[in-house]
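Engineer: Next come the chains, spelled out residue by residue.
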Amino acid sequence: MKEIILIKNGELALKGLNRSSFEDKMIKNIRRRLAPLGKVSFFKCQSTVTVYPENEDFDFEEAVARVGKVFGIAAYSRAAVAPKEFEEIKRICLAYFAESIYGYKTFKVEAKRSDKRFPLKSPEISREIGAVMLENYPFLKVDVHHPDLTITVEIRDKEAYIRGNQLKGAGGMPVGTSGKGAVLMSGGIDSPVAAYMMARRGLELCAVHFAAPPYTSELAENKVKMLTEKVAEYAGRVELYIVPFTKIQETIRDACPEEYFTVIMRRLMMEIAGVIAQKHGARALITGESLGQVASQTLRALACTDEAAAYPVLRPLIGMDKNDIVDIARKIDTFETSILPYEDCCTVFTPRHPNTKPELEQVKHAQAQVDWQQMIQTALEDTTVEVIG
Amino acid sequence: MIYLDSAATTPVCEASAAAVADVLQHCFGNPSSGHFLGVQARRRVEQDRAVIAAKLGCAKEELFFTSGGTEANNLAVFGTVEAAKKYRTKKRIVVSAIEHASVYESAKKLENAGYEVIWLQPDRHGNIAPADLAAAIDENTILVSMMLVNNELGSVLPAAAVKGIIAAKKSPALFHCDCVQAFCKMPFSVKSIGADLVSVSAHKVFGPKGVGALYVRRGVRILPQHIGGEQEKGLRPGTEASALIAGFAAAVDAYDTAGAAKQIKHINSYARQALGSIACVEFNSDEQASESILNISLKGFRSEVILNYLSEKEICVSAGSACAGGKMSHVMKALGAQKDITNSAIRLSFSPFNTTEEIDTLVQALQGAVATLAH
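Top to bottom, those sequences are chains X and U. The opening position of the first sequence corresponds to residue 497 in my numbering, with each subsequent residue numbered one higher. The opening position of the second sequence corresponds to residue 179 in my numbering, with each subsequent residue numbered one higher.
Since the hints were derived computationally from the structure, they do not count as laboratory data. All C-beta atoms, glycine included, are put in the ideal place defined by N, C-alpha and C. If a hint is listed, it holds; no wrong ones were tucked in.
Straight line, CA to CA, 20 Å or less: simulated EDC-like cross-link-like pairs of lysine to aspartate or glutamate:
| id | chain 1 | residue 1 | chain 2 | residue 2 |
| --- | --- | --- | --- | --- |
| 1 | U | Lys511 | U | Asp464 |
| 2 | U | Lys491 | X | Glu714 |
| 3 | U | Lys491 | X | Glu717 |
| 4 | X | Lys676 | X | Glu882 |
| 5 | X | Lys827 | X | Glu725 |
| 6 | U | Lys477 | X | Glu746 |
| 7 | X | Lys860 | X | Glu746 |
| 8 | X | Lys743 | U | Glu490 |
| 9 | X | Lys586 | X | Glu650 |
Using C-beta positions, here's what the derived DEER-type ranges look like:
| id | chain 1 | residue 1 | chain 2 | residue 2 | range |
| --- | --- | --- | --- | --- | --- |
| 10 | U | Asp431 | X | Glu832 | 35 to 45 Å |
| 11 | U | Ile405 | X | Asp555 | 34 to 44 Å |
| 12 | X | Asp553 | U | Arg399 | 46 to 56 Å |
| 13 | U | Pro415 | X | Glu832 | 26 to 36 Å |
| 14 | U | Glu490 | X | Leu795 | 32 to 42 Å |
All chains, full assembly: derive it from the sequences and hints.
Structural biologist: So, in structure tokens, the structure goes:
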């Protein structure tokens, strides 16, 4: 029995004349995600994309899991392919559900006949398939309102498809259709969630992590890599830039007023991330900040940080509670990694009494006591990059 | 590379590696099989059991192999408590507050399940007072679990006092002693500490990871925590890890307790003197502690930062207990020391292969850390 994957476009069906390019981007993203599983070909028709695997031993379980993480997809399902002969359709339908059917109690059959030359009309197809299922699986009951299983038979131009329940897609827009953003990735709970949310809106990502050895360990760096891998399951390929930040942090500590440690550090991070973004085609910075969560995330502190950023700072979590953020972190499977107990920015650099209402002018004045350019330059030169996903 | 983390684990010695390879390749039979290969494998496992039993001073019939120290400790605690259900109303368990997590967490679980757990609190250096033991153990006590040498501080706990107290209180309690950090490193026998149950592990004494053993005194009955086989007299079913067991026995056989102890004592006192020259160093291990472990605090510097700093220089030490993986250890917490002491604790643990030159390099590196790191 030949099997395929049927994919329904999401929001991108609304994109008018751009639609084709959005769809092509989505197909490209799916192709890349499925490439390790074997060769596949695509067929587009009426906001449905059909994926035909070319090798016999194609791993459908894994393929479906991967497709479920590609943005731009509203719904998807596996389907059996049948020739457009009704007896064959019946036979394949019985065979296709022969094992999985025992997990259901109620069902209904829906038919969609886009090829109007097919001799049976949709209601007739439904009735006939329903009858043959009931006959072979007498424990089933028909429930047209809330069935456990909806069997859909689609009669298309070339062939017929038989499928069970559809799965909900990841939604959003295909990665790459909105441009590129650089996410500041700390290793905590919030930044991977922010990255995921912006990828969902179609941004291609690169990630910037600030490492401060020996205050932070290799384990902390590995943790960031693991998180980036998880994000890459949704966002596709992500370049991870690791910026050595020790010298700058030590200098902040030695030369700046303690109450401004964090806000000055955030400003310097923005500045460095901005340069990396510019060099690599990103036109936005992304952070996991949430209003009022910590001292550097008050309105005034955010204003001070923004002033140092060369590009718009996108903060998709700004209005979210921690609990809601954790829910998403669990969904995308980053939570357990995020809570591994390694220091990401060692507490020796955290002021005991940070200023929660910093004034920009004062912060800038405090920051201006040191010439940072040489240090920033060195940090950028020593930045390493790794392509993940 | 300078390895000062032998309490976390040790490399496998040559004799041990050879024994593992030999059994894997040439003695691969299932010890429960009836054919000649099985008989050969059984004979080998029993010979190895006898070697380890001899080191512990027990009969080989009293020694049961496990997957390591953690499993041995779990089996001792839960196996005892389950067997003690026959006493119905007796529900007291006495443990030190500085046990290894495999005993500590087990006791916590039992406490949540309704057992009365008495936590013996240590002094500043991890010592437990025998008087506290005497006060804690009563006729309702079913289990006393107290380690011989603490894994983070090296403090030696008053195990030898326990048996007498249990008898005097007319308590049915069994005494379990986690000897993972003491085994081979100091001279003791199951008789000298008067324990009913003793846990040991191979990889702390130049044996392979993945094997340990529990001594169960003849006549003592505890209940298995795994089921599904007759191996280890049903107390720990599952095909014997014959190769690892061979590696364990070979390592124990090769361990020269007296010679190693002498060298370690030398290293320890050298290190104490040399580290004393660094102003911010405070010793968390006192002079009575096992010489294998020396816990110090570099006041003002966080443990993890010092660990990372030394690691860059290829010097391996441990921050708190390696098993805790970065979380604040319950042992350091129990000492009641000030926060700057607990947050800056690092553990040095020695093997007979460490040298005074290595200690010199360590001290130099620490001086460098103190001079350059922000704190």
